[in-house]
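Asker: Listed below, chain by chain, are the residues.
There are 2 protein chains.
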Amino acid sequence: MIHRLAVIGVGLIGGSLARALREAGQVEEIVGCGRGRENLEKAVALGVIDRYSHQVAEAVAGADMVFVGVPLGAMKGVFEAMRGHLAEGAVVTDGGSAKASVVRDAAEAFGGVPPNFVPGHPIAGTEKNGVEASFASLYRDRRVILTPLPETDPEAVARVRAMWEACGAEVTEMSVEHHDEVLAATSHLPHMLAFGLVDALARMKENDEIFRYAAGGFRDFTRIASSNPVMWRDICIANADALSRMLATFAEEMKDLAETIARRDGDHLLEIFERAKAARDRYVDGV
Amino acid sequence: MIHRLAVIGVGLIGGSLARALREAGQVEEIVGCGRGRENLEKAVALGVIDRYSHQVAEAVAGADMVFVGVPLGAMKGVFEAMRGHLAEGAVVTDGGSAKASVVRDAAEAFGGVPPNFVPGHPIAGTEKNGVEASFASLYRDRRVILTPLPETDPEAVARVRAMWEACGAEVTEMSVEHHDEVLAATSHLPHMLAFGLVDALARMKENDEIFRYAAGGFRDFTRIASSNPVMWRDICIANADALSRMLATFAEEMKDLAETIARRDGDHLLEIFERAKAARDRYVDGV
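Chains as they are written, first to last, in this note's numbering: chain Y, 1156 to 1442; chain Z, 1156 to 1442.
These aren't lab readings, by the way, just hints derived from the structure by calculation. Please note that the accuracy of each hint is not assured.
[What the hints assert, rightly or not] Restricting the straight-line Cα-Cα distance to at most 30 angstroms, the calculated cross-link-like pairs of lysine-lysine (DSBU-like) are:
#, chain 1, residue 1, chain 2, residue 2
1, Y, Lys1432, Z, Lys1360
2, Z, Lys1410, Y, Lys1432
3, Y, Lys1432, Z, Lys1432
4, Y, Lys1197, Y, Lys1231
5, Z, Lys1283, Y, Lys1283
6, Z, Lys1432, Z, Lys1410
7, Y, Lys1283, Y, Lys1432
8, Y, Lys1283, Z, Lys1410
[Unchecked claim] Residues from chain Y that face chain Z, not an exhaustive set, calculated with beta carbons under 7 angstroms:
#, residue
9, Val1337
10, Asp1354
11, Gly1372
12, Arg1388
13, Ser1399
14, Ala1413
15, Gly1421
16, Ala1431
17, Val1439
[To be verified] Derived coverage of chain Y by chain Z (criterion: at least 3 residues anywhere in the stretch with Cβ under 8 angstroms from a Cβ of chain Z; other residues may be distant):
#, segment
18, 1338-1345
19, 1359-1368
20, 1373-1380
21, 1391-1398
By construction, the Cβ of each residue, glycine as well, lies at the ideal position given by its N, Cα and C atoms.
Next comes chain Y alone, as it looks inside the complex:
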């Protein structure tokens, strides 16, 4: 049971965590924190949080669990603002989509990564933003990755794990570096392709006509291009090394594919498409 949860950044991710814990009866009081008054008032009206403060130091006071759900670019400032204001025994965790940068931010803000900080990442979300988009079942049957460091307190990890499990999530642990590689492949790279494709089409002549003929497959394929641009700028910069490497490799492969198509090499095309279909049918629809 969490006595007082502080949610720094009451958006889709933080708001859904608050709702899920509330619904599970796992939290007594929830204090929100953010810059926008309107969003926080809405969060109170929706019953997502009980009260709020615009000051991180005030919001974390007396909290036994602190969740930081802000864009990656704002993490360091939040950590700096909470330094010296955390309650004895408080556990801090976050929801950032890249972990090396968050760990670096925490180390810089606190002067070393504190044992009570558990870097985390719930693999869930939609392309919507704000507390109004949040819902209690967002994490149900979704994976949450925790990336504790050697110096992280196992008791703090256990408490963060229990919090996510109370939301219906399946929690796994891996290293910071491995997390960033896996996410570059499964999330960051697809987002770059979706943003890039829609942008390329938007820059074409007669682009309104082009989009008019976009069918269902295109809609699904490009849905993630409606995601928050600021959040994704931050993710790109936070995971720049793994992501730029992977995207450059993929660009090279697409150049090869263009050449395979240009020379009408049907056998090679079929081989690629069959391997891809088999992998997707097996791994993605199978789970």
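Fit chain Z to the given chain Y structure using the hints.
Answerer: Frame of chain Y; chain Z shown alone:
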């Protein structure tokens, strides 16, 4: 009203057309044609077609409307097989996803493109195949593009248009070349990226773990990679020029994006992501 409709290739596309016309009361008899006995028996059992033949010449006999819904690589053979067997006044149309190659196939098979052949393309589909996946509302509120040539009989175009409108579709006309450019951008290129991405991930070490962390966005993004590999090989070859050009350009742009990420140019990234999000929100979700 169509008296006898011949559907060559009773899969998702042909089967859904048959179901839709049946439901609209716009067809008296439907004759199916294909190679697989099991699929055709199933089509009869499901009430999609009334009877079938494995011979194109037999299936089109006495039909006033012939729909060819086979993979692009099989078009020419079907046209050759129907030559000399069409009824007086019969109209022929198709559902191929690329039009220049179909027109070329028709010209070669018939010795010139016949005035009663109306090249067409319903912009609809799912990643499923076979008559079991077909359903009557597939074309409702979807677009169908017809690409008549100067020599095409306007009366034939009007009949094909009426057929699709009876299925609830919105019919537009454009040139063969323009169709192939538009579809390369909105459909063929996204499919290449989805196939390419899933294939790239499948070739990574520990790929089962990678796929395990693929979240909702990845599922949507890669759904089209579960499409029929043979069909897509044929589309690539049929639209090789437009598609390979577009894919090569896109690969170049992704290489640039990788460099933008590597040098952590947040302003430029934000510009791209904002333009893409605005375009998608405006064009895709708005329609």
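Asker: Below or equal to 30 angstroms on CA atoms is what counts here, so check Lys1283/Z against Lys1283/Y.
Answerer: With Cα atoms ~28 angstroms apart, Lys1283/Z and Lys1283/Y stay inside 30 angstroms; holds.
Asker: Was the hint right that Gly1421/Y lines chain Z, CB cutoff 7 angstroms?
Answerer: holds (5 angstroms)
Asker: Does the closest beta carbon of chain Z sit nearer than 7 angstroms to the beta carbon of Asp1354/Y?
Answerer: Constraint on Asp1354/Y satisfied, holds at 4 angstroms.
Asker: Below or equal to 30 angstroms on CA atoms is what counts here, so check Lys1432/Y against Lys1432/Z.
Answerer: holds (28 angstroms)
Asker: Does Ala1431/Y pass the interface hint, meaning its C-beta sits closer than 7 angstroms to a C-beta of chain Z?
Answerer: With a minimum Cβ separation of about 4 angstroms from chain Z (threshold 7 angstroms), the hint on Ala1431/Y holds.
Asker: Could you check if Gly1372/Y really has its C-beta closer than 7 angstroms to a C-beta on chain Z?
Answerer: This interface hint holds because 4 angstroms falls under the 7 angstroms limit.
Asker: Are Lys1283/Y and Lys1410/Z close enough, with their CA atoms no more than 30 angstroms apart?
Answerer: holds (28 angstroms)
Asker: Count residues of the segment 1338-1345 of chain Y with a Cβ under 8 angstroms from any Cβ of chain Z, then say if the count reaches three.
Answerer: holds (count 6)
Asker: A closest beta-carbon separation below 7 angstroms is what the hint needs, so does Val1439/Y meet it against chain Z?
Answerer: Since the shortest Cβ distance to chain Z is 6 angstroms, the answer is holds.
Asker: Does the CB of Ala1413/Y sit less than 7 angstroms away from some CB of chain Z?
Answerer: With a closest approach of 4 angstroms, the Ala1413/Y hint holds.
Asker: How about Val1337/Y: closest beta carbon in chain Z under 7 angstroms, or not?
Answerer: Hint on Val1337/Y: holds, closest Cβ of chain Z at ~5 angstroms, below 7 angstroms.
Asker: Assess, step by step, whether the Cα of Lys1432/Y is no farther than 30 angstroms from the Cα of Lys1360/Z, and give holds or violated.
Answerer: holds (18 angstroms)
When held up to the earlier numbered hints, the structure conflicts with none and fits them all.
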